[in-house]
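First to last, the sequence lines map onto chains F and E. According to the working numbering, the first sequence is numbered sequentially starting from 13. According to the working numbering, the second sequence is numbered sequentially starting from 21.
Please keep in mind that the hints were generated in silico from the structure rather than gathered at the bench. Backbone N, C-alpha and C define an ideal beta-carbon position, used for all residues, glycine too. Any given hint might turn out to be false.
Quick partial rundown of chain F residues pointing at chain E, CB under 10 Å, derived from the structure [claimed, not checked]:
1. 89
2. 91
3. 95
4. 112
5. 145
6. 269
7. 270
8. 271
9. 272
10. 290
11. 346
12. 350
13. 351
14. 410
Covered stretches of chain F (in silico footprint by chain E; criterion: 3 or more residues with CB under 8 Å from a CB of chain E, positions within the stretch not fixed) [unchecked claim]:
15. 146-152
16. 294-301
Taking lysine-lysine pairs in the DSBU-like style, the calculated list, with each CA pair at most 30 Å apart, reads [claimed, not checked]:
17. F/289 x E/164
18. E/164 x F/305
19. E/276 x F/290
20. F/305 x E/161
21. F/113 x E/153
22. F/303 x E/276
23. F/303 x E/318
24. F/290 x E/153
25. F/303 x E/334
26. F/305 x E/532
27. E/153 x F/289
28. F/365 x E/532
29. E/379 x E/153
30. F/113 x E/161
31. E/24 x F/113
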Amino acid sequence: MISQPVHQGRLKSPFYSRLEKLDTVNEWHEWKGYSSANSLYCENTEYFAIRNATGVFDLSPMTKYRITGPDALDYLNRLVTRDMAKVGSGRVAYAVWCDDKGQVIDDGTIFHLRKGEYRLCSQERHYAWLTAAAIGFDVNIAHETEDVAALAVQGPTSYSVLKNMGLKGLEELKPFGLTHLDFHGAELMISRTGFTADLGYELWIDPDKAGALWDALFAAGELHGIRAIGTHALELARIEAGFLAAYEEFLPADETVRTGRSRSPFELGLDWLVDFKKPNFNGRRALADEKRKGSTWRLVKLDIEGNKTAHHSYIFSKAKANKEHIGFITSAVWSPICKQNIALGTVRTPYGKPGDSVWVEIFYQREMHWNRDMAKATVVDKPFWFPPRRGATPPAPY
Amino acid sequence: MTEKYDAIVVGAGHNGLVCSALLAKAGKRVLVLEANEQVGGAAVTREFADGYSVSACAHLLYQLQPEVLKDLKLPPRLVSGNMTTIALAETGKHVRLSDKTVEGVSGKDAESYREFRKRMTRFADLLRKYLNKAPPRLGTKDVKDIITLGQLGFDIRRLGRKEMREFLRLIGMNIHDELDERFDSPLLKGAVSLDAVLGTHLGPRSPNTIMTYLYRLAGNHGRVGIPRGGMGSVSNELAQAARGAGVTIRTRMPVKRIIVENGRATGVETEDGERFDSYTIISNADPKRTVMDMVGAKHVETGFTRRIHHLRSKGNAAKVHLALDGLPAIKGLSKKDFAERMVIAPDEHYVERAFNPAKYGESSPNPVVEMTFPSFRDETLAPTGKHVLSAVVQYAPYELKAGWNDSARQVFMQAVIKTIAKYAPDIEQRITASELLTPADIEREFHITGGHWHHGELTLDQFLFVRPVSGAAQYRMPLDGLYLCGAGAHPGGGVSGAAGRNAARAILSREKAA
């Protein structure tokens with residue numbers, strides 16, 4: 013037997029050498045075995061790079077699987093709740109996948125790279141589930157997280173930065189589209205996707221070319237305010253966009269122990285992703301049942317009065333908190349760009365319909381002492397931040 | 021032009037026949053499609069050598085449920101057999117076991133055996149009640165589930181404090197420990213061990229071999245019979261009952277796939293491309309073949325597919341048929357003893373040692389043997405004066421490491437003959453023809469994945485609420501219109517008809533509820 017070296021400690025992303033140079037605060041956390049920066053110099057500056065210029069986030073630790081083979085489409089169509097037949101080659105789809113009970117295992121993006129060739133990306137690892145789902149299908153599932161380096165390039169000037177880099181054809185690339193370009197003899201895949209609800213792209217390349225790509229990108233972006241960003245800034249943008257995160261808005265169903273702690277797509281506001289026209293997909297029977305009987309939970313986007321962030325707060329239907337709570341906040345933040353106190357939360361139905369008012373119990377500390385506020389909050393329908401520039405094709409040259 | 025039936029049964033195994041007959045009796049228009057030329061599945065009689073016939077797979081009747089016969093108005097004589105089991109000793113000092121007593125052992129062992137059988141029969145009776153019911157599901161709010169579960173709990177409690185404890189202690193235990201505590205006679209321990217592991221991939225020291233023993237007793241208190249005309253005659257009677265009730269049975273019609281349209285089963289397609297439509301498709305095939313091959317993973321969900329895929333269903337019992345030009349001489353046996361059932365399992369360690377190689381994909385050099393001379397009672401099976409030996413031999417693993425090639429077959433066949441020859445030294449000279457059916461052959465000839473006669477190992481994790489797998493234990497598969505009625509469903513294998521009857525009842529009661 014040939015012994016293979018086993019990684020000890022945390023893995024370093026292909027962009028680590030570049031990030032390390034920019035890093036001043038030395039704040040890292042672990043993301044699926046990799047070191048990932050919380051922040052590199054200043055969370056707020058990094059956040060404003062996303063909203064006002066270009067923020068670059070190292071996406072390499074994102075879990076990636078390559079799905080190929082004659083049954084790839086059939087396989088994916090049973091795996092996820094939406095109809096993948098409608099996602100043509102060169103398109104990307106946001107998708108959610110469930111267990112047999114219709115409970116969400118994770119959400120992620122599926123890239124239809126070339127005809128019949130897909131990449132599935134998610135925050136969590138799912139090799140066991142994906143291989144179980146492959147039983148009976150002529151399909152190949154390859155874990156390629158380490159084989160692909162990826163960057164999120166997000167913000168109003170991102171298009172100009174990439175154009176300045178000499179990349180061609182991006183003016184035609186629509187949201188959720190992808191294209192293959194050449195970079196120093198290697199294939200560079202660019203998709204118009206992101207986690208910020210702003211104009212933005214994601215760049216995917218062979219790890220050997222990662223350093224060169226970073227350098228070219230930052231050289232091209234110098235006059236467009238390009239900045240590397242960490243997870244905290246991205247998280248802020250994520251909540252403004254109203255996107256879900258595993259372990260925040262839901263727990264992967266296969267990780268829950270107690271009954272009732274998982275969520276269905278309906279309970280996460282993902283009704284639009286569930287296509288009952290498909291005769292079969294994992295969870296279909298249970299979800300059809302839930303549709304008939306009604307769901308237990310509802311995900312809410314809340315616009316909260318005041319400026320105190322509602323971290324982990326209980327939600328009540330009345331201002332008087334002596335009644336039982338109806339749910340709790342899962343993600344909360346003061347949105348600098350919207351100038352709003354915003355949050356995502358989970359409440360029991362029938363509460364939390366768009367336009368409803370609920371009350372949020374906020375505890376906050378002032379000079380050691382704790383105070384409590386009951387803040388009124390309105391359930392909103394739309395994402396907090398969703399600028400027209402996100403969808404403009406061709407994008408404006410900021 | 022396709023014909024429309026109220027129900028289509030895939031496979032005319034004995035369970036499929038029972039199920040179809042009961043549905044037809046309830047007024048349904050039923051079609052049964054059988055791949056082979058004969059009906060009966062693994063319960064058939066066929067000629068294996070010129071003039072010699074034998075029950076090709078199952079050869080002893082000990083589980084046929086009186087309820088099945090009653091519902092089909094068949095004569096109860098089919099379950100009236102009560103053969104003695106002779107545990108062969110090389111010395112000729114054999115041990116004879118009947119359903120209540122044992123001879124040829126010490127007085128202490130004989131008394132102990134009576135007690136043992138009494139208790140085992142009581143426990144088996146408890147089990148028996150539930151063989152003829154759809155198992156309750158756990159964790160549902162369904163009234164029927166809750167009542168049946170409550171009843172099961174009550175029935176266990178009603179055994180009395182002491183016996184309930186014994187039941188709960190024994191049900192997961194291995195048979196070896198229990199036998200070792202009770203008995204001295206190695207031959208007695210060997211024979212009971214063999215009964216506990218027949219047809220399974222288990223040795224006497226494997227967990228839950230008391231459960232498999234109880235399952236064997238649950239059928240008919242452990243009374244064993246040989247049907248006249250071989251097992252095929254039972255199937256033929258069932259088929260006749262089915263036809264009498266209006267069932268259409270078509271043989272040589274292998275079903276290639278179960279057609280699924282818009283998320284429900286709507287018919288079947290045969291290998292020849294012929295199509296038959298029905299909104300109720302009942303598979304008598306094993307769960308793996310049904311779900312993975314006939315339906316296809318695409319039409320069911322991942323969790324279910326995974327459970328079916330991991331179902332343990334690799335057989336370990338082979339069938340050996342010998343055409344003999346006369347009865348062999350066995351020391352210490354009189355001629356009339358050839359009407360009985362004989363076993364070769366000289367002690368309980370012998371059985372475990374026979375199992376050892378099977379764990380590693382090898383066949384037993386010293387196999388355990390259950391044999392009968394069916395032609396002794398039934399002259400239709402062999403030419404006058406000649407005889408047939410029908411034996412179940414273990415262990416012959418389905419996935420033999422070397423593969424079941426000619427030489428591997430020969431090695432195993434030689435081991436079997438050598439083993440029998442220890443007791444019947446002239447056996448080899450008497451053989452005029454022989455046949456060996458390994459689990460791989462059984463898979464091919466009877467279309468049972470893994471060649472396992474229970475369609476899935478009979479162990480606690482694949483029993484009752486979770487047979488074949490959790491979420492599919494009530495005959496209804498998680499695909500609208502698809503049902504299971506074979507040994508893979510509750511209660512399991514053996515020629516019992518219980519699965520077929522329970523499935524028919526589940527289908528009819530569901531219809532009533534709708």
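Comparing the hints with the structure gives:
1. 89: holds, 8 Å
2. 91: Holds, because the Cβ-Cβ distance from residue 91 of chain F to chain E comes to roughly 7 Å (cut-off 10 Å).
3. 95: violated, 14 Å
4. 112: Status holds, d = 4 Å.
5. 145: Cβ of residue 145 of chain F sits 4 Å from chain E, so the hint holds.
6. 269: violated, 15 Å
7. 270: At about 14 Å, which exceeds the 10 Å cut-off, the nearest Cβ of chain E leaves the hint on residue 270 of chain F violated.
8. 271: Cβ of residue 271 of chain F sits 9 Å from chain E, so the hint holds.
9. 272: Given a least distance of 13 Å, the restraint on residue 272 of chain F is violated.
10. 290: Check passed: Cβ of residue 290 of chain F comes within 8 Å of chain E, closer than 10 Å.
11. 346: With a closest approach of 41 Å, the residue 346 of chain F hint is violated.
12. 350: violated, 40 Å
13. 351: Because about 45 Å separates residue 351 of chain F from the closest Cβ in chain E, which is outside the 10 Å limit, the hint is violated.
14. 410: Interface hint status for residue 410 of chain F: violated (45 Å vs cutoff 10 Å).
15. 146-152: With 3 residues in contact (Cβ-Cβ under 8 Å with chain E), the coverage given for the segment 146-152 of chain F holds.
16. 294-301: holds (count 4)
17. F/289 x E/164: violated, 33 Å
18. E/164 x F/305: Roughly 21 Å between the alpha carbons, so the hint for residue 164 of chain E and residue 305 of chain F holds.
19. E/276 x F/290: Since the Cα atoms of residue 276 of chain E and residue 290 of chain F sit roughly 24 Å apart, the hinted pair holds (cutoff 30 Å).
20. F/305 x E/161: Distance ~15 Å between residue 305 of chain F and residue 161 of chain E Cα, so the pair holds.
21. F/113 x E/153: Cα-Cα ~26 Å, so holds.
22. F/303 x E/276: violated, 35 Å
23. F/303 x E/318: holds, 23 Å
24. F/290 x E/153: violated, 35 Å
25. F/303 x E/334: violated, 41 Å
26. F/305 x E/532: holds, 23 Å
27. E/153 x F/289: violated, 37 Å
28. F/365 x E/532: Violated. Residue 365 of chain F to residue 532 of chain E sits at ~40 Å, over the 30 Å cutoff.
29. E/379 x E/153: With a Cα-Cα distance of about 34 Å, the restraint between residue 379 of chain E and residue 153 of chain E is violated, given a limit of 30 Å.
30. F/113 x E/161: Judged against 30 Å, a Cα distance of about 16 Å means the pair holds.
31. E/24 x F/113: violated, 33 Å
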